[in-house]
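Chemist: Residue numbers (this note's numbering), protein chains in the order written: chain A, -16 to 420; chain B, 2 to 403.
Careful, some of the hints might be misleading.
Partial pick of chain A residues on the chain B-facing surface, computed with a CB cut under 8 angstroms [to be verified]:
hint, residue
1, K60
2, K62
3, E66
4, A70
5, T71
6, T77
7, A79
8, N84
9, F99
10, D135
11, T166
12, Q170
13, S241
14, G247
15, A258
16, V356
Bear in mind the hints are in silico, worked out from the structure with no lab data behind them.
For glycine and all other residues, C-beta sits at the position ideal for the given N, C-alpha and C.
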Amino acid sequence: MRSHASRRRRTTTTLLAAGTALAATFTVAGCGSSGQGGTSADGTTTITFMETMAASTQKTTLEQLTSAFEKANPKIKVKLEVEPDYATLYAKETAAVSAGNAPTIGQVYPDWAATFAKSQVILPVSSFAGSSTPAQLSGFYAGVKNELYLPDGKLWLWPFNKSVEVMFDNPALLKAKGLSYPTTWDQFATVAQKVSGGGVTAISVDPGTASGPGAGTTWLETLDYAYGGAPFAKDGSPQFTAPTMVKALGYLAGLKKSGALALGTDYPGETALAAKKGAFDVSTSAGYYYEGQAVGGKFALGTQDLPAGPAGKANILTGTDLTMFASASKAQQNAAWKYMQYLTEPAQQATWAAGTGYLPVTAKALPDMSAYVSKNPWVTGAVSALQYAKSEPPYGWIEKSEGALAVAIQDVVDKGADPASALADAQRTAQAAKAAG
Amino acid sequence: MSQEATTTGSGASTPPERRGHGRAAVPPGKASAQARRGGAPGEDGAAGAAGAERAEATGPAEGSAHPDPADASEHPDAASSRTSADVAVSPDRPSPWVRGKRVRRVRRVRRVRESPMGWLYTAPALAVFAVFTIGPTAYTLYISFFHWNTLNAAMSRYIGLANYRSLLGHSTPSFLTGAWHSLYFTAGTVIGGTALSLALALLLQRGGRLMSASRVAIFAPYATPVVATSLAWVWIFNPQFGLADAVLKAAHLPQPLWLQSASWAMPSVIVYSLWHEVGFTVVLFLGGLAVISPELGEAARVDGATAWQEFWHVTWPQLRPVTAFVVIITSITSLQAFTQFYEMSQGGPVYATTTLSYLVYQEAFVFFDTGYGAALALVLFVVIAGFTLLQRRTTSRIAAAA
Chain A
-16 MRSHASRRRR
-6 TTTTLLAAGT
4 ALAATFTVAG
14 CGSSGQGGTS
24 ADGTTTITFM
34 ETMAASTQKT
44 TLEQLTSAFE
54 KANPKIKVKL
64 EVEPDYATLY
74 AKETAAVSAG
84 NAPTIGQVYP
94 DWAATFAKSQ
104 VILPVSSFAG
114 SSTPAQLSGF
124 YAGVKNELYL
134 PDGKLWLWPF
144 NKSVEVMFDN
154 PALLKAKGLS
164 YPTTWDQFAT
174 VAQKVSGGGV
184 TAISVDPGTA
194 SGPGAGTTWL
204 ETLDYAYGGA
214 PFAKDGSPQF
224 TAPTMVKALG
234 YLAGLKKSGA
244 LALGTDYPGE
254 TALAAKKGAF
264 DVSTSAGYYY
274 EGQAVGGKFA
284 LGTQDLPAGP
294 AGKANILTGT
304 DLTMFASASK
314 AQQNAAWKYM
324 QYLTEPAQQA
334 TWAAGTGYLP
344 VTAKALPDMS
354 AYVSKNPWVT
364 GAVSALQYAK
374 SEPPYGWIEK
384 SEGALAVAIQ
394 DVVDKGADPA
404 SALADAQRTA
414 QAAKAAG
Chain B
2 MSQEATTTGS
12 GASTPPERRG
22 HGRAAVPPGK
32 ASAQARRGGA
42 PGEDGAAGAA
52 GAERAEATGP
62 AEGSAHPDPA
72 DASEHPDAAS
82 SRTSADVAVS
92 PDRPSPWVRG
102 KRVRRVRRVR
112 RVRESPMGWL
122 YTAPALAVFA
132 VFTIGPTAYT
142 LYISFFHWNT
152 LNAAMSRYIG
162 LANYRSLLGH
172 STPSFLTGAW
182 HSLYFTAGTV
192 IGGTALSLAL
202 ALLLQRGGRL
212 MSASRVAIFA
222 PYATPVVATS
232 LAWVWIFNPQ
242 FGLADAVLKA
252 AHLPQPLWLQ
262 SASWAMPSVI
272 VYSLWHEVGF
282 TVVLFLGGLA
292 VISPELGEAA
302 RVDGATAWQE
312 FWHVTWPQLR
322 PVTAFVVIIT
332 SITSLQAFTQ
342 FYEMSQGGPV
352 YATTTLSYLV
362 YQEAFVFFDT
372 GYGAALALVL
382 FVVIAGFTLL
392 QRRTTSRIAA
402 AA
């Protein structure tokens, strides 16, 4: 009797579980089959573009360019899928691929692209462009072009929103103390110390955290380059214990010790600069409009090239590129490739750069943006940095390794740890990340 | 506070007819158990007398004529023994006819429980539970044995228990570091939250228009979304522009870096969490204070007890079940807390606020080391489940003692 009852219970449970699973399968399948985009009966091809141009002029400029593209190509519809930030973008792209519902194209950092390529979910440019050296490629700045290749030597990426590090400042504050913008990092330390005090901390940065390195970490890497080092070898091996990196982190510790540096979150440099409690903010050129909005006309905002180090001028290429996801149909690939090329044409690049603060990826755009450049002379210096700006090697463990650098900055600047010791910890974490692939 | 005072107070307030009822309804087997829980008033013997005394002390809720509904549902035979028919036939030993009736009733209940119709009625809830809880949990267990490729599951590699073995070896940070931070946060919110909410509840129970407004003010944060208010608190803790530093500066006190300091980041998150959560636990304590016997306190005051003695020996002992519930709920929510860490500190600085919940998110959804993240999630699940079971057992003991 007991065994019969329990068997009946088991049967009922099994049936219920099977029914539930079946219903769930149909539900999931139903969700997955919609929204793929493709070619409709009237021949219109819809492509989806997952991107992060969520606010300010970046959003309106991309919408304006996309609208103009659709007008010129009435059989192509571009659906912009906006994400609020890069962390969310990466999570959404990964989730979409995992669910079999990837966008047609998306913004990616090179190390994300390396992970995607390793999992065979994106396509090399040659597979949809019909050439491994498309016509526009030779016109891109050297730094921009170098970043488009993954370690297998293939062209996987197409440039989109590129920028370099610049220094925003409050020239009036410097002038009031008889100071001027420094040209070397050593001079910067002196000027920063002199301008600090009385409620002013020369510069505030957000190093980020282990799960998301911030602008402060990029600054540390730039300093490493300026001292003649490189945070990563070409094969992606971390070089955090190199003397140049130790010196760079020691430089930040020195600024903190002299009261010229504060760590913070949520764009602390921009906030402090706008509130006249800071004199500098190291950020990317794409922050130009945001900095201007924050300052709101309280003073004339200065935008400068980064000072030089013992090894000369150094900068890091920031921003993302575009990639094509492997699930796109042939029609979508063709339409998306047309859109990608359209965005990097000189006229569009001029509109894009003037509207957003990003830099044009080709020098051919400069004649179309002469009025903007004459109004913003810093653009010339920033654009020239595109020739020598470095990119981190594209491997999947780079972001996690940079997160370890962010922790080292906090450890040294906040807790007063020894730079060499903190960097040794970061090196171990980065090596473990590399070993895990 | 003496037991004498307790008994006196209760005896004066409990209606005699309620205390005297139910004697015959207790079958012999149930008597000893009921005596342990508070006793059947009027029962012969030492256990019964002691139980009666405790029953009077706790009022009519326990050990009185009203059977515990939980017991009734768990033991249908016990529940059925409390019918008037049983009392009429034999209070101590039911007749064969009564026993037969009881058996038939038990079988009928079992048939209902085992009927496929029962499954049909519960199917919607079961389906939701299976799809959104049991299924994902089982899948998480499965993933934890793989070096999982989120982008292309076909490229995942079975690695056995390697993810579990690496729990202690990881450096971003290790499982033990995350566990320590979780424990730190939980201790802060449980101890601080319980003490603070009890204190506030004692203050607010006095009533009056001002106190009513204060109740609303204290509860209001609980109704706000964590994601929004935690961002506001990030600015309150801002070392350059924040309100917290402005207040300390005005008072000529040292200003910590709050969320920017590895030492102060966790206390800062705890302060925010207490601000957000304490309204709920205050309401729980106010509910508890509303149902405790005021006569006991009066008796204590008549006997010359100070306010502290009255609280410590009379009020709080009666609030033990509520306190235990608050501790359990706060512990579980603290171990699961994530949003405030995500918004306020992102696990930093220097991993100072990387709790287990945040670590699971970081590994699974930032670094996409999904297999390792799944192993972490499973261990966290076991920790919370074990913690909950331990506390439930402790609570039962406390409730029994109270």
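Chemist: None of the hints should be skipped; say for each whether it holds.
Modeler: Results of checking the hints against the structure:
{"no.": "1", "hint": "K60", "in the structure": "27 angstroms, violated"}
{"no.": "2", "hint": "K62", "in the structure": "22 angstroms, violated"}
{"no.": "3", "hint": "E66", "in the structure": "14 angstroms, violated"}
{"no.": "4", "hint": "A70", "in the structure": "7 angstroms, holds"}
{"no.": "5", "hint": "T71", "in the structure": "10 angstroms, violated"}
{"no.": "6", "hint": "T77", "in the structure": "6 angstroms, holds"}
{"no.": "7", "hint": "A79", "in the structure": "10 angstroms, violated"}
{"no.": "8", "hint": "N84", "in the structure": "13 angstroms, violated"}
{"no.": "9", "hint": "F99", "in the structure": "7 angstroms, holds"}
{"no.": "10", "hint": "D135", "in the structure": "17 angstroms, violated"}
{"no.": "11", "hint": "T166", "in the structure": "28 angstroms, violated"}
{"no.": "12", "hint": "Q170", "in the structure": "25 angstroms, violated"}
{"no.": "13", "hint": "S241", "in the structure": "17 angstroms, violated"}
{"no.": "14", "hint": "G247", "in the structure": "6 angstroms, holds"}
{"no.": "15", "hint": "A258", "in the structure": "7 angstroms, holds"}
{"no.": "16", "hint": "V356", "in the structure": "35 angstroms, violated"}
The earlier numbered hints that this structure contradicts are 1, 2, 3, 5, 7, 8, 10, 11, 12, 13, 16.
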